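Below are the chains, spelled out letter by letter.
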Amino acid sequence: MDLGAIFNLSTLMNTINTATIVVLAGLGCLMTDQAGMMCIGIDGMMTAGAFAAVIGSWLCSSWIMGLVFALAVGLLLGGFYGLFVIRYKSDEFIIGVALNIFAVAITTFLLRSIPGQSGSFHPATGAVVKLPSFSIAGSNVSIMVPLSWLLVALTWLLVYRTPLGFWLHASGEHPESLRSVGRSPERMKYLGSLACGLFCGLSGAYLSLGYLSTFTENMSASQGYVAVACVIFGRSNPVYVFLAALLFGFIDAAGQRMQGIVDPTLTATFPYIGTILMMVILAVRYTAMKKKRA
Amino acid sequence: MSQAETVISFRHITMAFPGVVANDDVSLDIRKGEVFALVGENGAGKSTLMKVLYGMNEPTEGEVWVRGQQVRHFSPANAIGMGIGMVHQHFMLVPSFTVAQNVVLGDEPRKGLFCDFAKARQTVEDLVKEYGLKVEPDDRIEDISVGLQQRVEILKALRRGADILILDEPTAVLTPQETDELFAVIRRIVAEKQMTIIIITHKLGEVMAISDRVGVMRAGKLVGVCETADVSERILASMMVGKEVLLDAIERADSGEDGVAIEVEGLRVRDSRGLEAVRGVSLTVRRGEILGIAGVEGNGQSELLEAITGLRPIESGRVSILGKRADGLSPKAIRALGLSHVPEDRIATGVSVKADVTDNLIVGKERRREFSALGIHMKRGPIREYAKKVFERFDIRAAGLDTAVGSMSGGNMQKVVVAREFSFDTPVLIISQPTRGVDIGAMDFIHQQIVEKRNAGCAILLVSADLDELYRLSDRMVTIYEGEITGEFKPEDIPKTEISYYMTGGRKEARA
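Residue numbers (my numbering), protein chains in the order written: chain D, 36 to 329; chain E, 48 to 559.
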C-alpha cells in the first residue's frame, strides 16, 4: 500500500474540512455539557442550520443572509431545547433525539414546499451564494475554517478564563452553589443552550454553503453524533474537542483515500468505528478512574 | 450580653410546604455579637427557618427584620447584600474548582473580560491572614478534607462581607479535632469582629460549649429560648423530645411465647462516610417483647437497624434471628428467616410513591402461588381482593386501591408500609420511626397494631425519636449514644427527663 496516497495534501484538506464541521457542532455540544445538560440534538440543529443557510442564501442571494438564517434557526432550536430541558425538566436525551428526528422531517418537508424539490436542492448555478473562501497552496479554504479555529480559542478563554465560563460550568456541576451566591443557574443553562444552537447553525451553514451550495436530505450524516463523541472524549475542553475532531476528520479522509484499495462501503464505516474506539478508550479510562477513587 | 441590640427579628414566621408545615408561627430575636444555637430533632424546622433568613425560602406568613429593616425580597443575593452568610449542611462548593475560584464564585475580581486569578488568590490569602483560617487557594475542592471545605464556605461568606453567619449542622461532618478548631474560629471571629453566629445543631454538648443563648424547636414550633448558662443538656433534651400526648393505655397480654428471637453481639457498623457508627452493640429481644431504642438521632440507630436487616455491611459482630445466623445474608435471605422491617424513611425506602396502593401492598408476596402463575403472570383478581382486605383492616384512607401512594398523606402512607410488613406475619419485626409526621389518630392506630403483634408473640425491635412513643410501647428500653448502648431500663423505672440524660452521653456509672 502506498502511504503517499493516504498522507498527502488532499487528505489534509479533507481532514480539516470534516474536522471543521465536527468541531463547530462540538463547541455547541460542549456549551451544553458544561451546563450539565449535554445536547445530543446537535445533529438535528446542524441539519436545520444547513437547510436554513441554503434557503437564506437562495432567497436573498447573499451568503450573509444564509448565515443569518442558519444562526436564527440555531437560536430557535437551542431555545427550544433549553425550554424543555430547563423549564419543563424533560429528559435531555429524549429532547435531543426528538430534535434530531424532527429536523430531518421538517427540512425534508420544507424542501418540498419552499423550493418544491425532493431529495436534494440544486438551484441554478449562482442562485445560491457560497461562503467566502480563499486559496492556499492551490486548495480552496472556506473562511469558516480559520473562524472555527478562532472560535475554539475564544471558547477556551470563555470556559477557563472568564467569570461567565465559571458560572456556566458551576450551573452544570453544582447548580445550588451558584444559586447560593445569588446567580441563577437556569440563566446559565439557557445561555449554554442558545450558544449551542448558534454553533450548530454555523456548522450547518458550513455544511451546505462551505464548498457546496446544495442541501441534501439528512445532510449532517450523523456527524453530530460524532461531535458528541468528541466532546465526551475531549472532556468538554475546547482544545481537546478540536484535537478529537481532527483525529476523526483524518480517519474520515484517510478512509476516502483508501477507497481505491478497500471496498468503499467499508471505508465509509471507518469514522464510526473510530468513534466507537474512542468511546471504548474512554470507558476503560473512566472505569480505571472510578477504581482509583473508590 | 443581654443589653445588646437585636440584629435579626423573625416575626410570626409560618413556612408551609405542600402537605407539611415546617415552621409554625415562629417569633425569635437574635442579638448582635452572640452565638445563638438552634436545636431540635431532624425535621423540627431549624434549617427551614434559617433558609428563610438566607432568602432561600419565602415565608408563607410573617416578617423578617434585619437591623431594623423589613426584608421585602427573599433571595440569597439580597441576604448576601444584607451581610448574611450561610454555611450549608451540604456544602455549596463546585468540586472541580479551586479554593480561590469557589471563594470568589459569583462575584469574581476581573481584569477586563477575564477573571483576575492573581487577585482572587490574593483575596483568599488576605482572608486567611485576617481570620486565621488556613487553606491553600490553589487546591481543588474535591482533593481537600471536609473540614477544609467548610473553611472555604466560611471564607466565602466572610469575603461577601457577612457579619451574620448561619452554620447549618457544621459539626455533622467533622472529626472531634476539626470541631474544636471550628469552635476556636467561631470564638475568635465573634470576639474580634463582633460577628453574630447562628449555629444549627442537635448535639447538645456543642450547644453548651459554644453558645450564648439557645432556642429549641420541635415540630415546627419554637418551644423555648434560654440563656445557655441557665440550662443543662438534660433540660434541653427534654425540651427537644418532650411532647406530651395523652393517649389511653393499650392492653397488654402475655402471649405465652418465649425464647430469644433477636440476638445481636458486639456489632460494629460503619456509616456511609466510613466512620464507625455502631460501636460494639449487643442486645437481645425475646418473643412477646418490645425492645425500644432511645437516642438522639444520628447516634447509630439507623445503621444498627440497616445492619440487622442486611441493608448495610457489618464490620464485625454477630446477628442471629430466631437462632439462625443472619449477618452476611442478603436482605431477602434475612426476611426469609422470619423478619419484617418498617424502615425509618417511608418515602425513600418504605413505599414506591409512583405505584398504587395495591402494588405497594403486594410487594414481597407477588411470587406467592395464589397471586401469580409460575411467578410470571400476575393474577390481578386475587391480588386486588387481598389488597382490599388489607386496605380495610388497616383503615387506610385513600380514594381507592389505585391511588398513587405518593399522593397520600404521611399517616396513610405509613399505614401502607405497616400493613404490608405486618401482614407477612413474621415472628420478628424491626420497626423504625413508625409514626413520624403522622397525625394522632393514625399514630394511635399504628401503636395498637404494634402492641397486638407483641401480644401475639412477636419479638419487636423499635427505634423512635419520640420518647412518648417508646414509653408507651416498650417493655424494655436501651439508650444509645454515639453508637454505644449507655443504659437499659424498664419504662416504669425511669422518668423521661432522666433517660434523656443517657441519650446525650451520660453513663450508667454517672447516675448519682
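Keep in mind the hints are simulated off the structure, nothing from the lab. Do not rely on the hints blindly, as some may be mistaken.
Chain D side only, calculated, beta carbon under 8 Å to chain E, not exhaustive [claimed, not checked]:
(1) 152
(2) 153
(3) 155
(4) 159
(5) 196
(6) 197
(7) 198
(8) 201
(9) 208
(10) 213
(11) 214
(12) 217
(13) 218
(14) 297
Derived DEER-like restraints, expressed as beta-carbon distance ranges [to be verified]:
(15) 156/E / 188/D: 20 to 30 Å
(16) 395/E / 294/D: 53 to 63 Å
(17) 395/E / 118/D: 23 to 33 Å
(18) 249/D / 125/E: 50 to 60 Å
(19) 329/E / 122/D: 53 to 63 Å
(20) 122/D / 61/E: 22 to 32 Å
Model, not experiment: these values are computed from the prediction. We treat Cβ as the ideally placed atom computed from N, Cα and C, and that holds for glycine.
A quick look at each hint next to the structure:
Interface restraint check for residue 152/D: the shortest CB-CB distance to chain E comes to about 45 Å, outside 8 Å, so the restraint is violated. A distance limit of 8 Å between C-beta atoms decides the matter here; for residue 153/D the minimum to chain E is near 46 Å, and the interface restraint is violated. Look at residue 155/D: its Cβ only gets to about 43 Å from chain E, farther than 8 Å, so that hint breaks. The interface hint given for residue 159/D is broken, as the beta carbon of that residue sits about 45 Å from the closest beta carbon of chain E, more than 8 Å.
A least Cβ separation of about 5 Å between residue 196/D and chain E falls short of the 8 Å threshold, and the interface hint therefore holds. The closest approach between the C-beta of residue 197/D and any C-beta of chain E is roughly 6 Å, which is under the 8 Å cut-off, so the hint is satisfied. Checking residue 198/D against chain E by beta carbon gives a least distance of about 4 Å; that is within 8 Å, so the hint holds. Interface hint status for residue 201/D: upheld, as the beta-carbon distance to the closest one in chain E is roughly 6 Å, under 8 Å.
With a cut of 8 Å, the hint placing residue 208/D at the interface with chain E holds, because the nearest CB-to-CB distance is about 5 Å. The beta carbon of residue 213/D is positioned within 8 Å of a beta carbon in chain E (closest approach about 7 Å), and the interface hint is therefore held. Given hint, residue 214/D at the interface with chain E, holds; its Cβ is 7 Å from that chain's nearest Cβ, closer than 8 Å. With its C-beta approaching chain E no nearer than about 3 Å, residue 217/D sits inside the 8 Å limit, and its interface hint holds.
Checking residue 218/D against chain E: minimum C-beta separation of about 5 Å stays under 8 Å; hint holds. Hint on residue 297/D is violated. Least Cβ distance to chain E is approximately 43 Å, over the 8 Å limit. Separated by about 23 Å at the C-beta atoms, residue 156/E and residue 188/D satisfy the suggested range of 20 to 30 Å. For residue 395/E and residue 294/D, the hinted distance range of 53 to 63 Å is satisfied, since their beta carbons lie about 58 Å from each other.
Distance hint check: the CB atoms of residue 395/E and residue 118/D are about 31 Å apart, consistent with the given range 23 to 33 Å. At roughly 55 Å, the beta-carbon separation of residue 249/D and residue 125/E lies within the given 50 to 60 Å, and the hint holds. Checking the proposed 53 to 63 Å range against residue 329/E and residue 122/D shows it holds: the Cβ atoms sit about 55 Å from each other. At roughly 29 Å, the beta-carbon separation of residue 122/D and residue 61/E lies within the given 22 to 32 Å, and the hint holds.
Checked against the numbered hints given earlier, this structure breaks hints 1, 2, 3, 4 and 14; the rest are met.
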